[in-house]
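Undergrad: In case you want the letters, here they are:
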Amino acid sequence: MIRPLQWIGVLTLALLVGCAQQPPKDDSLYHALGERPGIQKIVEGMLLHIAKDDRIYKYFAKVDIVRVRDKLVEKFCVEAGGPCTYTGDTLEEAHKGLNVSRGDFNALVENLIDAMDDQHIPVPTQNRFIARLAPQRGEVIEK
Amino acid sequence: MARSLSAVFSPVVLASVVGSCVGATAPFVNADQGRLIATGGASSIEGGAGGGIIPWAVLAGYGEQGEWGANVFATHINLPDYTLDVAGMAVSYGNRVEVSYAHQRFDLGSLVHKLSLPEDNLSQDIFGVKVRLFGDLIYDQLPQVSVGLEYKHQNDFLIPSLVGAQRDSDVEGYLTASRLFMGAAFGYNVVVNGGVRYSRANETGLLGFGGDRRDTRSVLKEGSVALLFNPRWAVGVEYREKPDNLSFAGESDWADMFVGWFPNKHVSVVLAYARLGEIATLDNQNGTYLSVQGSF
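So the sequence lines, in the order shown, correspond to chains A and B.
FYI, in the working numbering the residues of the first sequence are 372 to 514.
FYI, in the working numbering the residues of the second sequence are 4 to 299.
Excised from the complex, chain B in its bound form (with noise of 0.2 angstroms):
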């Protein structure tokens, strides 16, 4: 017994030492460091730093080189017949690597009833990690392009498994790039994201991962445009394409328009209408999104 207590705790020592000593030479920086306002983004439902839907290449907070950069966020996305609710965090150091965690909860509301549903809630836990490989969002000849990969575990495997859902958990990787294009629009500054993701998750995982129709990964495009009307305030669109490898219902590709409000450093709000179609066997699935975040 405490040879195992042991085992398991001495990483935990090591990692609080090396993170001690590391604090000590690189401070974990107030958010009034580092990179201009907002871009940290806003943080995505996977929790990312992103947009809404999808995750953008840059990386959570504001830390700049040899700066440490973090946040903390909550989403809530009321729909007709469901909500889903999201709480998560992220990490980066050095403008160039990101580590997040989210727990979702999806309310299935009235098809609980209707279906007589063994359980009235789903939720998956998503592990998160981005990389900037090169470029940069503002500065530099290159857009600023970062990889990820999250790794998903779906929690109430029982209806994802009755509707066909091959398993409770998978990983998923994404390529994206962002670049700010100044005064390009009307002399406002335009935001542009673009990427490609590679995954079987169904309704991003929260309905398990590969399906009765379909159980190889997809290569799905997402993007975003932004409308930066002064450093504070952003309008825009995001698009994610989903896959579809359930039979027993459609799974269509989501969309939002937001506004984002990055009123200092430390606390930013987003509110979108979200449009996410049709979602088990339920259509029409748009309504509003709530998200607001601090940032350290």
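The shape of chain A in the complex, shown without the other chains (with noise of 0.2 angstroms):
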């Protein structure tokens, strides 16, 4: 038999416990993409479509292209549960003044996908990695 105060120290245990233990993060997506290799080699392909595309190669012509590099490959890390840290600014500030138009963003899925697809990444794992970048769409586009 347990007495009602016992039970009490029990829950308190099971809920410290609980709170000291991280719930184990789900990093299938960035091992399935290969991992910061993986997504260095995705971004960089990226970017390299992008800068044969007229429709928004605009963008990138003047910045620094090197620390998109980098920045978007910590962004695309920390989006598929990769052990990384995001240091670049909020999408937000980062596409301000820009005026990204709704078919600029899709101009950029679409470098992605490419991409994506020179690396030979499975379409299943390509839209869960897109399924986690739509819905962000808000805060890049008519900035």
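For the record, the hints were derived by calculation from the structure and aren't laboratory data.
Heads up, a few of these hints could be off.
Pair by pair, the computed Cβ-Cβ distance ranges are [to be verified]:
1) B:Val174 / A:Asp441: 55 to 65 angstroms
2) B:Leu274 / A:Leu419: 32 to 42 angstroms
3) B:Gly112 / A:Leu418: 52 to 62 angstroms
4) B:Val100 / A:Ala465: 29 to 39 angstroms
5) A:Asp485 / B:Leu120: 46 to 56 angstroms
6) B:Val134 / A:Ala465: 45 to 55 angstroms
Chain A regions said to be covered by chain B (calculated; three or more residues, Cβ under 8 angstroms) [unchecked claim]:
7) 469–476
8) 493–503
Every residue, glycine too, gets a C-beta built ideally from N, C-alpha and C.
Dock the two chains into a complex; use the hints.
TA: If you want it as structure tokens, here you go:
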């Protein structure tokens, strides 16, 4: 028999243990994308496709492309559930004043898909990744 | 005469002037702009963007905000006793409004001799307008919801009138929603469409509108599900409920299974197996459906 006071003790202990332990992070998408080296290849491929894309090249013509690459790798790594920290500006700050259109956003999505195709990322994995990014469209367009 | 001519032409001139002004500020962009591939859908048999036998909430072409989109299409349905040929076009602006036109020609095949019919085909013209009310196929919280109106005119009314059709032209409306669910089926994207139509068209209007059995519009359900293997290949099923207004023959609900191929934003091809059931007393009208579309 456990008395009520002991119950409270057990529950409190369980609660403390629960709080101390982070829930296990789902990093399966991070691994499916080839971890950090794979993500870097995807980002670099995407930027190469953008460089040939008349629709949105203008947004990247005068930026520090190495910095953009590094921050995008961090961003994608975090979104994929990987062990990274994003140190760049918020998406809203990064796109302020650019007035990126809905069509421009889709153009970038197309370049990302092309880059993932180049790396032979399976379509279901691509869909999982795009599903993580799609809700952030509102922080990018029409700023 | 001169007065009436100028009365006819002045709106045309005005429209072309307005058109050229709009054109100057909002270029009729190439199909590489705007929306993602396949999101302009195929062309439905009534002209609007959609699947094959029903419209979807998506708009024709690939225009996003401030951009035009357009397509032309031709569709051939080969049935045991009939054939249906459709040609048409649709234009959309700003991913907001779409206008469409389709001409349908239904060849009566073996029925002409069997019943000594006075004509060997039935045809109709369909003018459609569709407006996206809210939402988005892929982004945003809400699914894309559109409302549409279709004005249909049956061109050879003798046969429809003999079998009980009440009128040779009519207007019908529909409300439809479309949404892409990312990775919903084994990681692959799924597009779901559902809609209701308010119509009294017999065999979509080829046999006129209203009938001896029922002359009021019915609320008719229609829907489809498509699975996208990748952005360029889709397979799916469609269903369209139809009314039963004429007593001389039953009218079946329609269904099809399709494969869609979108190699780029300029061309798409849809091949389907269509189950159209009983049409004008002849049953088991199930056959192949082929549609080719060009987008601009």
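Undergrad: Which of the numbered hints above does this structure break?
TA: Per hint list: single violation, 6.
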